[in-house]
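Asks: So the chains spell out like this:
Number of protein chains: 2
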Amino acid sequence: MQFEVIARCGQARRGRLTLAHGSVETPVFMPVGTYGTVKAMAPNELEGLGAEIVLGNTFHLWLRPGIEVVAAHGGLHRFMGWPRPILTDSGGFQIFSLGPLRKVQEEGVAFASPVDGDRLMLTPELSIEIQRAFDADVVMVFDERTPYPASRDETAQSTELSLRWAARCKNAHAGNANALFGIVQGGMFEDLRERSLGALENIGFDGYAIGGLSVGEPKDEMRRIEAFIAPRLPEHRPRYLMGVGTPEDIVEAVGNGIDMFDCVLPTRNARNGWLYTRYGDIKIRNARHRTDTGPLDAACACYTCRHFSRAYLNHLQRANEILGARLATIHNLHYYLTLLAELREAIAAGTLDRYTGQFKADRARVIEF
Amino acid sequence: MQFEVIARCGQARRGRLTLAHGSVETPVFMPVGTYGTVKAMAPNELEGLGAEIVLGNTFHLWLRPGIEVVAAHGGLHRFMGWPRPILTDSGGFQIFSLGPLRKVQEEGVAFASPVDGDRLMLTPELSIEIQRAFDADVVMVFDERTPYPASRDETAQSTELSLRWAARCKNAHAGNANALFGIVQGGMFEDLRERSLGALENIGFDGYAIGGLSVGEPKDEMRRIEAFIAPRLPEHRPRYLMGVGTPEDIVEAVGNGIDMFDCVLPTRNARNGWLYTRYGDIKIRNARHRTDTGPLDAACACYTCRHFSRAYLNHLQRANEILGARLATIHNLHYYLTLLAELREAIAAGTLDRYTGQFKADRARVIEF
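Keeping their order, the protein sequence lines are chains Y and R.
Each residue of the first sequence is one higher than the one before, starting from 1 at the first, in our numbering.
Each residue of the second sequence is one higher than the one before, starting from 370 at the first, in our numbering.
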C-alpha cells in the first residue's frame, strides 16, 4: 500500500491511495456491499458511477455464503465481480449490534448466529484470517465497539481490550501483503482517544480509522471527538472515519482532514425513497410528486435524473418495484460520489472554504422534503 | 402499422412489423412490463438485451399510477423511459382473474379495485380510451376471457359477448393512428374459434391474437387449439399468441406461424431462481450450486454468465438480494430473446426443422435441475 498527499487546503487533504487492486483518489466515499453486493447495484454500474473502492462486511459474508465459498473464487473480488479495491470491516461492529446474544471474553466474542442459531466465536485472529481469505485490499483490526453511553471506566476497559486485540491482529496479519488499519477507540473521552491512538501508533498500522462514532451519541458529541482526534492521526497515513455519515457530516470531516468514508445512508435511504440533492433532501413517495413530470434534480447528470420523472419514481416506489430501488440508489450514490469529487477538486484548487460555504447554503434551502 | 413477411419456412414466417415507435423483427418475444417496468430491468438494459417491444398492462397502470399521470407524460413511452414500441393488453385478462370480485354485464365489467376497494367498471370504450392515453403502438380489444373448463353453451355465449365488445372497440378506436388487434376466443371448441375469427375478420383489425389459451387447460388441449387456429389467421396480418409460454411452447407456435409472444415466465421465474438454458432449466437456489465457481451457462454471452459464478447467484438468491433478481432476469430474458433471434435466422435460412430438432434434443438433456 502507498499513500500520497497531493494537495492540502487547511487541514483537508487531497490524496491517492494505491492498493493491490488499483488506486483510489481521496477523500473517497466507499459504498457498502454488505453481502457481497452494494444493494441493488451491479458492479458495472458502480464503475460507471465512479466508485473506486467498496466495503465488504466480514461478519455477514462469514455467515453467508461462508469463507470457503468466497475462498474458492480466490477472494471477494472475483466472487462479487468487482475488480477494484475492497476494504473489509472486521465483523466487530455487527457482533456488538447483536446485544444480549453475544458474550465478550478476552479471547474474543461468543455469540449465536442470527442466521441459524449456531454457537460461534469470533476472535481477532479469526477475523484477520477471514479477511485474508477474502483478499481484502484493506483489512481492519477486530475491536470492541464501546457502547454509548458508557462511563469513563467502562470506556477505558473497552479501549484497552481493543488495543490488546489490535496487537493480536497485527501479529495475525503477518505475511499478508495487503494493508492493515488500526481503529482508534476511546468513546467520548478525549484522553482515552489519545491513549488509543498512541498505543496503535506504537504497534504500527498502514492506516488509522476512527471507530465508535455515529453509534447513537448526539451530533455535537460526534463532531467534538472527530474534530479533536482527526488532526492528530498520523500525517502520512490514510485516515478513515467509519460509518459516517450524512453529506453534512462528510463535508465537515473532510475539513478536519479525513480521507475515507463509508455509510449505508445513500443506499438504505434510496430504498425507502429518501433522495439527496444539492438543494436538500426529497422523499419521493410524498403525494406531491405523484403527477410531477419533471426530473428529480434538473442539474443532476445521473441516469435516473436524465431519463425519468418524479412521477415515475414516485410510482415505482409505491408499487415496490425493484427498478424504484435501483434508480434511487443510482441517484444517491451519484450524489455522494460527485460530492466527494467536488471536495477533491476544491481542496486541489485551494477553494474548500468557499465550496463548503456554498454547499451549506444550498443544502439549507431545502426547497421541499 | 405495416407488416411484411420476409421469408417462410413451412408455416413459419419471418417478418417485420413497423409501428409508430419503431420496427420489430418477428417472430418476437415481448417482455412483460406490468406496472410500467419490466420487473427488475432498466430500459437501457432491455435495449442492450435486444428487446424491440414490451407489453404494458392496462388494468394495473389504470389503477396505479392512473391515466392522468401517464397522460401527463404524453404516454407510456416517456413515462417509463422506453422509446420503442409498446403493446398494451386491454385489462380483460386481469379483471377476469379477480374471480367473484367482478360482475360481467353487457356494458362491461364491474369490479372492486384490488388496490383500494373502489367500485369501478371497465368497458370496451374505456379500455380503448386508456390505451389511447398511453399512446400504445398496438392496442388490444377488450374481451371476456372464457373460463376453463367451460361448456359449449357457456363458451359460445362468452365468445359472442367478446365479438360485440370487439365491434365496440373498433368504433371507439376510430381516429387513433395506432394499430388495433382483435382477439380470437372460442375456448376449446374449434367451430367456435372459427366463428370468432370469421366475425373478427368482418370487423377488420390490423392484427389477430389468439386469446383464452394457457388458462389452466392441459398442454395438449392448448396445442390442439393453437395448431388448429394459427394457420387460419389472416396471412398478411401479424399473429399474436397471448401469454404463452415456455421455450418449448414458443418453438412449437413459431412452427405454426405465430409472429408475436408475451409471457411473464422468464421474468417471474428469474426472481424465484428458475433459470433457462440450452440444456434444460436450473434452479439456482439448489444446494448443489453453493460452491460452484463455474458460470450458469458457459456458452451464454449474457452479462450474468460472463461475470458471475453459480455460487454467487446462489448466494444472492438465498440472501434475497435485489442483484440476484436482476442477474437472473438478465439471463432469462437473454435466453428468450436469443431463442427468438435464432428462430428468425432458421426461418430465413430455411432450416427451421433442423433447428427445432436440435432445440428439443438439447433441452431434453436436462443435465441438472
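It is possible that some hints are incorrect.
[Said to hold, decoys possible] Some chain R residues well away from chain Y (every beta-carbon gap over 12 Å; in silico):
no.	residue
1	ALA376
2	GLU586
3	THR615
4	THR662
[Unchecked claim] Straight-line alpha carbon distances no greater than 20 Å define the calculated DMTMM-like cross-link-like pairs of lysine to aspartate or glutamate that follow:
no.	chain 1	residue 1	chain 2	residue 2
5	R	LYS472	R	GLU494
6	R	LYS472	R	ASP485
7	Y	LYS39	R	GLU414
8	Y	LYS39	R	GLU494
9	Y	LYS103	Y	ASP118
10	R	LYS408	Y	GLU321
11	R	LYS408	Y	GLU45
Read the hints as simulated data drawn from the structure, not as lab findings.
Cβ atoms here follow ideal geometry from the backbone N, Cα and C, with glycine treated the same way.
Asks: Determine for every hint whether it applies to the structure shown.
Replies: Now for the hints, and whether the structure bears them out:
1. ALA376: holds, 36 Å
2. GLU586: The claim stands: GLU586/R keeps its Cβ more than 12 Å from every Cβ of chain Y (closest is about 31 Å).
3. THR615: Given that every Cβ of chain Y is farther than 12 Å from that of THR615/R, nearest at about 24 Å, it holds.
4. THR662: violated, 5 Å
5. LYS472/R with GLU494/R: Cα-Cα ~17 Å, so holds.
6. LYS472/R with ASP485/R: holds, 18 Å
7. LYS39/Y with GLU414/R: holds, 18 Å
8. LYS39/Y with GLU494/R: violated, 44 Å
9. LYS103/Y with ASP118/Y: holds, 14 Å
10. LYS408/R with GLU321/Y: Cα-Cα ~7 Å, so holds.
11. LYS408/R with GLU45/Y: With a Cα-Cα distance of about 18 Å, the restraint between LYS408/R and GLU45/Y holds, given a limit of 20 Å.
In this structure, the earlier hints numbered 4, 8 are contradicted, and the remaining ones agree with it.
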